[in-house]
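Residues per chain, in single letters:
There are 4 protein chains.
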Amino acid sequence: MTDAKEAPNAPDYSGLKAVFINCTLKPSPSFSHTECLMDVVQKIMEDAGVTVQSYRSVDHAIAPGVYPDMTKEGFDEDAWPDISKTVMASDILVIGTPIWLGEVSSECRKIIERLYAHSGETNDKGQYIFYGKAGGCIVTGNEDGVKHCAMSTLYSLSHIGYTIPPQADAGWIGEIGPGPSYGDKQDDGSRVGFDSEFTQRNATFLAWNLMHMANLLNQAGGIPEYGNSRDAWDDGVRYNHPNPEYR
Amino acid sequence: MTDAKEAPNAPDYSGLKAVFINCTLKPSPSFSHTECLMDVVQKIMEDAGVTVQSYRSVDHAIAPGVYPDMTKEGFDEDAWPDISKTVMASDILVIGTPIWLGEVSSECRKIIERLYAHSGETNDKGQYIFYGKAGGCIVTGNEDGVKHCAMSTLYSLSHIGYTIPPQADAGWIGEIGPGPSYGDKQDDGSRVGFDSEFTQRNATFLAWNLMHMANLLNQAGGIPEYGNSRDAWDDGVRYNHPNPEYR
Amino acid sequence: MTDAKEAPNAPDYSGLKAVFINCTLKPSPSFSHTECLMDVVQKIMEDAGVTVQSYRSVDHAIAPGVYPDMTKEGFDEDAWPDISKTVMASDILVIGTPIWLGEVSSECRKIIERLYAHSGETNDKGQYIFYGKAGGCIVTGNEDGVKHCAMSTLYSLSHIGYTIPPQADAGWIGEIGPGPSYGDKQDDGSRVGFDSEFTQRNATFLAWNLMHMANLLNQAGGIPEYGNSRDAWDDGVRYNHPNPEYR
Amino acid sequence: MTDAKEAPNAPDYSGLKAVFINCTLKPSPSFSHTECLMDVVQKIMEDAGVTVQSYRSVDHAIAPGVYPDMTKEGFDEDAWPDISKTVMASDILVIGTPIWLGEVSSECRKIIERLYAHSGETNDKGQYIFYGKAGGCIVTGNEDGVKHCAMSTLYSLSHIGYTIPPQADAGWIGEIGPGPSYGDKQDDGSRVGFDSEFTQRNATFLAWNLMHMANLLNQAGGIPEYGNSRDAWDDGVRYNHPNPEYR
Chain A
233 MTDAKEAPNA PDYSGLKAVF INCTLKPSPS FSHTECLMDV VQKIMEDAGV
283 TVQSYRSVDH AIAPGVYPDM TKEGFDEDAW PDISKTVMAS DILVIGTPIW
333 LGEVSSECRK IIERLYAHSG ETNDKGQYIF YGKAGGCIVT GNEDGVKHCA
383 MSTLYSLSHI GYTIPPQADA GWIGEIGPGP SYGDKQDDGS RVGFDSEFTQ
433 RNATFLAWNL MHMANLLNQA GGIPEYGNSR DAWDDGVRYN HPNPEYR
Chain B
233 MTDAKEAPNA PDYSGLKAVF INCTLKPSPS FSHTECLMDV VQKIMEDAGV
283 TVQSYRSVDH AIAPGVYPDM TKEGFDEDAW PDISKTVMAS DILVIGTPIW
333 LGEVSSECRK IIERLYAHSG ETNDKGQYIF YGKAGGCIVT GNEDGVKHCA
383 MSTLYSLSHI GYTIPPQADA GWIGEIGPGP SYGDKQDDGS RVGFDSEFTQ
433 RNATFLAWNL MHMANLLNQA GGIPEYGNSR DAWDDGVRYN HPNPEYR
Chain C
233 MTDAKEAPNA PDYSGLKAVF INCTLKPSPS FSHTECLMDV VQKIMEDAGV
283 TVQSYRSVDH AIAPGVYPDM TKEGFDEDAW PDISKTVMAS DILVIGTPIW
333 LGEVSSECRK IIERLYAHSG ETNDKGQYIF YGKAGGCIVT GNEDGVKHCA
383 MSTLYSLSHI GYTIPPQADA GWIGEIGPGP SYGDKQDDGS RVGFDSEFTQ
433 RNATFLAWNL MHMANLLNQA GGIPEYGNSR DAWDDGVRYN HPNPEYR
Chain D
233 MTDAKEAPNA PDYSGLKAVF INCTLKPSPS FSHTECLMDV VQKIMEDAGV
283 TVQSYRSVDH AIAPGVYPDM TKEGFDEDAW PDISKTVMAS DILVIGTPIW
333 LGEVSSECRK IIERLYAHSG ETNDKGQYIF YGKAGGCIVT GNEDGVKHCA
383 MSTLYSLSHI GYTIPPQADA GWIGEIGPGP SYGDKQDDGS RVGFDSEFTQ
433 RNATFLAWNL MHMANLLNQA GGIPEYGNSR DAWDDGVRYN HPNPEYR
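Chains as they are written, first to last, in this note's numbering: chain A, 233 to 479; chain B, 233 to 479; chain C, 233 to 479; chain D, 233 to 479.
Hints are not guaranteed to be accurate.
Since the list gives no way to pick one copy over another, a pair counts as held whenever it fits inside one copy or between any two copies.
[As the list claims (entries may be wrong)] Under the rule of at most 20 Å between Cα atoms (straight-line distance), these lysine to any residue pairs were calculated in the SDA-like manner:
1) K357 <-> E238
2) K417 <-> E407
3) K237 <-> A349
4) K357 <-> L448
5) K237 <-> E429
6) K237 <-> V469
7) K357 <-> D420
8) K417 <-> A293
9) K237 <-> D463
10) K275 <-> V469
11) K249 <-> T303
I should point out that these hints are in silico values taken from the structure, not numbers from a laboratory.
Full structure from sequences and hints, please.
This is how it looks when you write it as structure tokens:
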């Protein structure tokens, strides 16, 4: 790795903003294996000029629920309205989650539920509010479940309006059975998973594909609104949907 | 619907090609509920100028396996090499599947296994062969499982290189329990699901988002190759992946 | 239904205990659709003599985490140690969850993470602590996902030691798209889903199969420990596992 | 392992019958990693006296579909009616599947679709035909997905009537990324995964829990029919389901 060749002409993506939400169950300052891998992707983005803001969800008093602001639904506290402002202002969202029993963490589901709470909002084209943004995820565990957690998380993002570029997930898991997790220090001083070329490659491709897609969407002014404006649809526009009476 | 307003300036996507693969278990000429909904999406695309080719997988002798041509692995027959040529030549792939026990059909998994068989191939930028294409899916059943089947199918497409635009799935299911499926004729002459505005809207948004994304990628010459060329990675290029020795 | 025939010889299961955990996101006293269906199963069990205790998880300050008592891990409060005592004392566990974006609720994952926290504990035979108990689930939503949520929840229960009887899930969902949920009052005074014979049947079968299985396991003194004692395995017992050296 | 302690009083289960269906994509005589692990479980059962019959599905001309005999639906050939007779005559069913893209194989889905085809059949108590049997699964891959594949497969079995004992799955996967699979010969002559105590333990517990559960069900004459007879339900029996009119 020390003599890694570099490709010429790295793009400058200094106009882009990204938000990373780490859904570990462990409050700071505990070490989070998921964060350890998220840091790799964040660093690649920052080196390309992207402004990145990151959150560890469990450190914030985010209420459960499916409304944008749960203090209006009877909860005393809710950190989500503030965090969601950053999400709305960002071109890229990266969700990180540990794996428990083969599934994403409860924190991850809570964040997705809160994102989903905004599914009734539309942008100035009448599209769902997350249109024009790119989403991806990072998953770590000690043995099993990266793909399953990724498919669930990426589908949720796609469903609410994010574009999912190719290979939009990266992760690390070890051989089946109990064992160390990503970033754990080993007796020889090395750290688990750091030498996995597979994880390195996926983290790199994830970072760049998210940036390319966000930039592509930005350059295009978002996704064209013909055919997908919720507001226009509700107003009666049908975009050539075949008339069921004549089918 | 008869007086649906139309939006002005429908894009002309006559340069695009799409392939639809219907993974019903029922050979032709049996009625396929899934095909009935796929036809809606296909019609919207054709009206926008897209050239569409469609297959019903069970009508073709597609061998099981994870190689591009299973006749080289001992099978007598394999229709996949021909079908895969159409997939490779198309900008858009739409997979349709019925739901059985809450999961995609065995035919759907077989098609995905065969697509995955090409994951070692790269384009002239060194990217995975499906980079630069847009993918989506259509799911029908009588009662449950659209989202689950969609998350599995879309993840597979994303994993092998497809870009997944927002809301890249459409489907129809009825209330829990046994009941009719999409397109079944009812006593009053109407057909099940045709009046579901939700399904109409999702089918429409799916069609247009796939076309917009395919066009966007075509205009951009595909996804930029900085950071995601498998060939360059294998040649030692690391695209600013942080050196693990210094972390 | 008013003239429903009754079968003779309903078993008396007055020795059994069951615990129901409702993982709705809505705190009391909000109406929970999931609870509305859980009540049916609870009533059938109570009529058969079973002692049932029920919780709505969001009403209790249950900390996130994967340890039995999170107050020992830095959290100020944790209601789980008390609730887990009821779980340990019960023969049957029924988890109820709403569906959000096709998945179980974050509360449901939190409860499963906390159950999993006990996976290192063993009973007096050396088996995992949940051996000898029967588990099931109830899932409600407005349109899609009963089977997906059930497979995730039942697998988690099976993995930690519960026995899953046949047809261990019941649920209600409506036709695809927005719509009312189980138990919502309709204009004509009826309540949504109450007339679904499919849901009635599944709720009934679920209730009785959980009771039969719990009783069967109780009568047998639990699952025989030959071949599944974690303590014995750790002590070197191999129960005829073929010696890999000779394979 | 050579000096593994043995527990006294191994049960004699010579009255039980089991059927193993291996859903690898590779026809015989190719080496199947999944079969290699299934053999461990089969050997433990045979040593306990169980009569085991095994199939590799891809070796048989099993038609796709959801009917018991697809030759009646237009297919020229269908090996399922014969295989299903063995399944019906067996107390235990073990399904083995490789993992492709984080999911079960297309062969596995095909087998489950064919099992599901019998869901309309009932036993002499009026219960679904698979009541009174125990089911489990074995999953192998090179890197990810045992739990996801297990939850899907076990749910399908539970749904059609099988009882799922605790820890009803066993599997092997390696660290994330490309790599050898279970049973592959390594340079030092050892075979991949054979030394995984985790896989050994799960395979052993799976084998014994399936036998214990099948025996328990046999001794009890199956699951009591009060509350779960499909035939009685269809005849109007409601088993104390609360009358919705009075709720």
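Tested hints:
Proximity of K357 to E238 under the C-alpha cut-off of 20 Å is restricted to the inter-copy arrangement: shortest distance 16 Å between copies versus 40 Å within a copy. In this assembly of identical chains, the alpha carbons of K417 and E407 lie at most 20 Å apart whether taken from the same copy (17 Å) or from different copies (17 Å). For the homomeric pair K237 and A349, neither the shortest alpha-carbon distance inside one copy (45 Å) nor that between copies (29 Å) is at most 20 Å. Taking CA atoms no more than 20 Å apart as the test, K357 paired with L448 passes in both settings, with 18 Å inside one copy and 18 Å between copies.
When the C-alpha separation of K237 and E429 is checked against a cutoff of 20 Å, the pair qualifies only within one copy, where the shortest distance is 15 Å, while the shortest distance between copies is 41 Å. Proximity of K237 and V469 under a CA criterion of 20 Å is satisfied inter-copy only: 4 Å between copies versus 53 Å inside one chain copy. In this assembly of identical chains, K357 and D420 lie within 20 Å of each other by CA distance neither inside one copy nor across copies; the values are 56 Å within and 39 Å between. Taking the closest pair of Cα atoms, K417 and A293 never come within 20 Å of each other, the shortest separation being 31 Å inside a single copy and 34 Å across copies.
In this assembly of identical chains, K237 and D463 lie within 20 Å of each other by CA distance solely across copies; the values are 13 Å between and 49 Å within a copy. When the C-alpha separation of K275 and V469 is checked against a cutoff of 20 Å, the pair qualifies only between copies, where the shortest distance is 17 Å, while the shortest distance within a copy is 44 Å. Taking the closest pair of Cα atoms, K249 and T303 never come within 20 Å of each other, the shortest separation being 28 Å inside a single copy and 37 Å across copies.
Figure legend: structure checked against the earlier numbered hints; hints not met, in rising order: 3, 7, 8 and 11.
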